[in-house]
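**Student:** Read off the chains here:
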Amino acid sequence: MDFELLTNILFATLRTGTPLILIALGEMVCEKSGVLNLGQEGMVLMGAALGFIAAVVTGHAGLGIIAAILAGMMMSVLFAFLAVTLVSNQVATGLALTIFGTGLSGFLGAGYVGMAIEGIAPFPIPFLSDIPVIGKVLFSHDPLVYFSWLMFGLIFWCFRSTRLGLTIRAVGENPEAANAIGIPVMKVRYGAILFGGAMAGLAGAYLSLVYTPMWSEGMAAGRGWIALALVVFASWKAERILLGAYLFGAASIMHLVLQGLGFEASPNLLAMLPYGATIIVLVVIASDAAKAKLNTPLALGQPYRPQV
Amino acid sequence: MNQIELYNITKRYPGCIANQAVELKVGTGEIHALLGENGAGKSTLMKIIYGVVKPDEGVVRWEDEIISVKGPSHARDLGIGMVFQHFSLFETLTVAENIALSLPKAESASMDILKQRIIEVSEHYGMKLDPNRHVHSLSIGEQQRVEIVRCLLQDVKLLILDEPTSVLTPQEVETLFKTLRILSTEGCSILFISHKLDEVRALCDQATILKAGKVSGHCIPKDTTTEELARLMVGDDTPLTEDYKKAEGDHTFLTISDLSYESDDPFACTLKNISLEVKAGEILGIAGVAGNGQEELLNLISGEDTSNKKTVLFDGKAVGHLTPEKRRILGLGFVPEERLGRGAVPNMSLQENGLLTGYQGELTANGLIKTNKVKDFAHRIIDRFNVKSSGIDAQAKSLSGGNLQKYIIGREILQNPKLLVCSHPTWGVDIGAAILIRHELIKLRDEGCSVLVVSEDIDELYSISDRICAICDGEISPIAPTHDVSINQLGMWMAGDFTFIQDSKEAE
Chain L
1 MDFELLTNIL FATLRTGTPL ILIALGEMVC EKSGVLNLGQ EGMVLMGAAL GFIAAVVTGH
61 AGLGIIAAIL AGMMMSVLFA FLAVTLVSNQ VATGLALTIF GTGLSGFLGA GYVGMAIEGI
121 APFPIPFLSD IPVIGKVLFS HDPLVYFSWL MFGLIFWCFR STRLGLTIRA VGENPEAANA
181 IGIPVMKVRY GAILFGGAMA GLAGAYLSLV YTPMWSEGMA AGRGWIALAL VVFASWKAER
241 ILLGAYLFGA ASIMHLVLQG LGFEASPNLL AMLPYGATII VLVVIASDAA KAKLNTPLAL
301 GQPYRPQV
Chain V
1001 MNQIELYNIT KRYPGCIANQ AVELKVGTGE IHALLGENGA GKSTLMKIIY GVVKPDEGVV
1061 RWEDEIISVK GPSHARDLGI GMVFQHFSLF ETLTVAENIA LSLPKAESAS MDILKQRIIE
1121 VSEHYGMKLD PNRHVHSLSI GEQQRVEIVR CLLQDVKLLI LDEPTSVLTP QEVETLFKTL
1181 RILSTEGCSI LFISHKLDEV RALCDQATIL KAGKVSGHCI PKDTTTEELA RLMVGDDTPL
1241 TEDYKKAEGD HTFLTISDLS YESDDPFACT LKNISLEVKA GEILGIAGVA GNGQEELLNL
1301 ISGEDTSNKK TVLFDGKAVG HLTPEKRRIL GLGFVPEERL GRGAVPNMSL QENGLLTGYQ
1361 GELTANGLIK TNKVKDFAHR IIDRFNVKSS GIDAQAKSLS GGNLQKYIIG REILQNPKLL
1421 VCSHPTWGVD IGAAILIRHE LIKLRDEGCS VLVVSEDIDE LYSISDRICA ICDGEISPIA
1481 PTHDVSINQL GMWMAGDFTF IQDSKEAE
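Protein chains in written order, with this note's numbering: chain L, 1 to 308; chain V, 1001 to 1508.
No wet-lab data here; the hints were simulated from the structure. In this text, a Cβ means the ideal position worked out from N, Cα and C, and glycines have one as well.
Here are the simulated DSS-like pairs of lysine-lysine, each with C-alpha atoms no more than 30 Å apart in a straight line:
hint	chain 1	residue 1	chain 2	residue 2
1	L	K237	V	K1105
2	V	K1418	V	K1375
3	V	K1025	V	K1070
4	L	K187	V	K1070
Pulled from the structure, derived: some chain L residues nowhere near chain V, Cβ distances all over 10 Å:
hint	residue
5	L70
6	F139
7	G153
8	L273
9	Y275
Only chain L is shown next, with the shape it has when bound in the complex:
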């Protein structure tokens, strides 16, 4: 394998992993507050569709990104209203949100299928991108890749050493106790869900404006679900989400590369590679049950009803 190919594989790995990182980080914050939102796929699709439409209509990809974030947040407000305010079942509500988002995005985007736009251009970082190999792999990306690193850093720091992170964890572990010491449980959960929605919407924009600048129905292709699994297998740790997402990216690229190289195996089997590899690696990492328990939000999925 020559050097050029390796550089390209690594470059593509980071690009493929980015939407997963965005979705999974958002979902992780949401789950840390004790809310299981299975509506990721729907929120991503709405973000992708509305982001693309806004970019076509206004002619600005940047406005598309903002529209996508708003679309994700609108969807998550709906979820939060049902699951937090009305205390509905989180699993059922999340599934409904995915079905709703899939349908609505297909409907709204129907007139835009096949249109081409100018996506968001890469933004090589001056000087750094001139470094051989590393410059190409790490510093020649579009702004959203850098943004995903920024969000990773912020979230890692937030849960490690800020009061906000502590508050979110407290709400996710024991909402009754959190309420008893005066934490506004509802507000924290609303905030976490909205953040998750914004990140999912942004991931949608990444798909329809950066990764493949076009819209097609159901283009999230299950990334919302993979991100959900990633959060669990990463034991709610930001650094493992990063690792898992890139691992998935690498395996996705490898299956294309292997086919390109004429590797003798069923393409269907190779297409399974990313899913299998990611899950196996993360399961092995998370196999220390006692430690994993320390990270699991204990009240995950449990509706919280304040006492009156």
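Position chain V relative to chain L; hints supplied.
**Tutor:** Then chain V, alone, in the frame of chain L:
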């Protein structure tokens, strides 16, 4: 000036009135006891003061100003701290993190300074705490310290403790009382909720007694006898002193012979050659410090663990290898130590919990549940055992400990067992309920049932047992009629000295 005054507080829940026109005044620096049986409305009243629950009617005066507590954080701003019976701690966070969460932002900005303060405060009040440990690794007593230190760090003027001693060892109780006395001399008012009369008399300056949601009296505990306090709690119609006639059983129902058992669990106790008999129409009491093999022995009798076929006999029939279900058919009733989770399913209703062990009798037919009979069964338990609940559809976990215990014991007794095995029948249960439970056990004995009681409460064992023994380190002491065994003798047995001084005079 009083620190806090409550007037005419009323709180209604569907199916019951938790508080009715309650009045309460606590002076500055006063340790005030709130006494009452389980379900008398103590906890609800405390939650109202702390803002967790809103009263339907009534006035709260705090430092001579009428206020309405909007919520726990408002209460804490006022200077009200509360230590709940079930701690509001986050197990996966460290001590310092737990405490930081409940402090104003400015005070918890630097973890290092906060840790230093935690160490200082906890040492000042004689409660050692390591701020870096995770809460789940602390003992119950230490977790309670975290709760208290958390309140102390916020300049608390009124500290509310909801049955703080029910989870502590005697040594830990002493430490807690020392801390509370220091606090009181520093001008902090304390509301101490309890149903343990001795503790209230040892600690508190004033007491308000609640009964069925209403104030039934005030007193100065130090000048009041335990009997008078108990009378105020349970009312006039319940007899306080119990004097039961001892009985001698006739034929042997339960026989355990040469039972040895070694568990896979490294923390379990190994049983060594246990032999005992329980006759029909007698109560055998087994005393002992927790963890000396009681749990293992009871599991082997109930069938949750099995043993060699012939080591356990019911009425001469070998049952050592049988499952709990088959043993129940042969006449076993079992009241385990843990009420929630083993005695009852927390999230199921009372009638469903009744069906759980009663299903072999007339409650089912051909694999179908007879709904009316199940309801009737639940009603019968509630009526006969005076279970306070919102009805047969109340979830088991919504009942107070004493009421749930009455329900579980009632469920077993109404099935007319031939052998009833009870573990800690009145643990954590208030006086009224405890008297009722003991009374029912005696009645069951008189009807010819064999009763085996395991308890740490020695007074209780002396009161109800016809024969008594102790278990220590997996071995059973000699078994003798209760009136032949002095307290000293039993104490020796509990400590593992199995010599038997058979001198009934010494037992007097």
